[in-house]
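Construct the complete structure from the given sequences, taking the supplied hints into account.
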Amino acid sequence: MVITGLGICAPNGVGLRDFTKSLKEGLTGISFHQELQDLNFGCQVAGKPQLTPEYINKYFTSLQLRGLNASGLVYGVIAGTDAWTDAGLSKAEEDEPDWDSGIIFGTGILGVDKFRESIHLVDEGNTRRLGSTSVIQTMASGISAYLGGILGSGNQVTTNSSACTTGTEGVIMAYDRIRSGKAKRILTGSCSDSGPYVWGGFDAMRILPRNYNDSPAKASKPLSASASGFVPGSGAGALVLESLESALDRGAKIYAEVLGGAVNSGGQRGGGSMTAPNSLSVQRCIKMALENSEIESKDIEAINGHLTATGKDPVEVLNWSLALERSGADFPYLNSFKGIMGHGLAAAGSMECVAAVLQFKEGQIFGNPNIEDLHPEIEQLVHKSRIPSKTINFRPQTIAKASFGFGDVNACVIFKIFKD
Amino acid sequence: MEKENHYQQLKGIVKPYLPQDVTVDDICPDSHFINELNINSANLVDIVLDVEDAFDITLENDDMDQMQTVNDALDIIDKKRSLK
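Residue numbers (the working numbering), protein chains in the order written: chain C, 1 to 420; chain A, 1 to 84.
Because the hints were derived from the structure by calculation, they are not lab data.
Hints should not be assumed to be uniformly reliable.
To be verified - Listed below are several chain C residues computed to face chain A (Cβ distance under 8 Å; list not exhaustive):
1) 129
2) 131
3) 393
Treat the numbers as computed from the prediction; the structure is a model and nothing was measured.
Using N, Cα and C, we set each Cβ at its ideal position, and we do this for glycine too.
Below, the structure written as structure tokens:
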């Protein structure tokens, strides 16, 4: 199973070129948002893809643009169609769908701004003025439905949702479906709306940093002693997963192999809760991913963690260390992209999978630019040299990527460099 | 004259909702929105809202049910405007 296409619409870069440049050079996508200050948010910095109306126009018909007010949908359509094009695939003919291609494109909640607009109209007794698109912009599966229509996909077209695990889970769901022979290729990814109505709940939970409104680039500090919460983000990432046979038949370019993966849940037991992971289940998920991929712990050369920049980062690193039975200078290279991307919530897993896979192509481990004070508990587990602050030249053979989400849910996927 | 103006205005409203294989020149007074112009029935809802905005009128459910062709729409617009 291989990855033949990538698409990205992220705070730190829209399109693969800008995104890769940001990751290589540690350029931040996090900025101050006046809107959040006006609304008295504690955290007024966030990650939001920078898009002009002209850019958006390239992806939507004028009819689709009428009344369009669903940012996650916009990000998802951009990343999804870009990944399809990047894979060298075309849209299905007018008369018949492409029966072999499916879509598994997740989200947490879609079209929040459109929903707000609708709620106001309904409350004013003006339901009849909603128009025909309030449903398709706000149903969770609106994103897979839109992409399905644009591409003409005739296989399974669905939306998964598992909080911050969504994007990584989608890769594993796509892998399973292709593996079972039910599809030749799946466009998988995830998207998340931006804006105060999505981010507000997290601000209220006091898990976002409040002391960096004047210095947004410094706000997100995964793995640091001074980490004070995650920076809310948004965007979309997309990957085309394809059977090796289909990819070779098409003569497609291949970014990486997907060796396998695992999903599980800690059941909100044994220290796990709605918002915190059960460590044993995290370790189990990582071990199951290795087993499913038929590789050993020693084969992992790089890890892209979930690592959001809350106080839980040391616990995550401990879980990796225990699951892999590796530590110190023997620990794989470790990075978190949230330092420059923020936490893309439902979009995080897919945006980070795209970034993780790009490391094969670039022959690099992208740096962790915001670590100034590595957390002492982490330094006890992992030698500093394994957590580069700047991008280093090293082409990993195998990368493990994990995401963890509210509801005590976990996903871990294993990517491998592709050799003919 | 006013009717002709309304007709041209209505064509402009309908235009963005036409599928790719139908052009604005295909619109004639007795065109049926769904059967002849191939307009998606969901989009007919949006055309009604655009008509309301353009002509400053409100269409009731009955009016919407009766609005099958371009001429039906023009008649309803005339009727509503004369009541204003």
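Comparing the hints with the structure gives:
1. 129: holds, 6 Å
2. 131: holds, 5 Å
3. 393: violated, 49 Å
Checked against the numbered hints given earlier, this structure breaks only hint 3.
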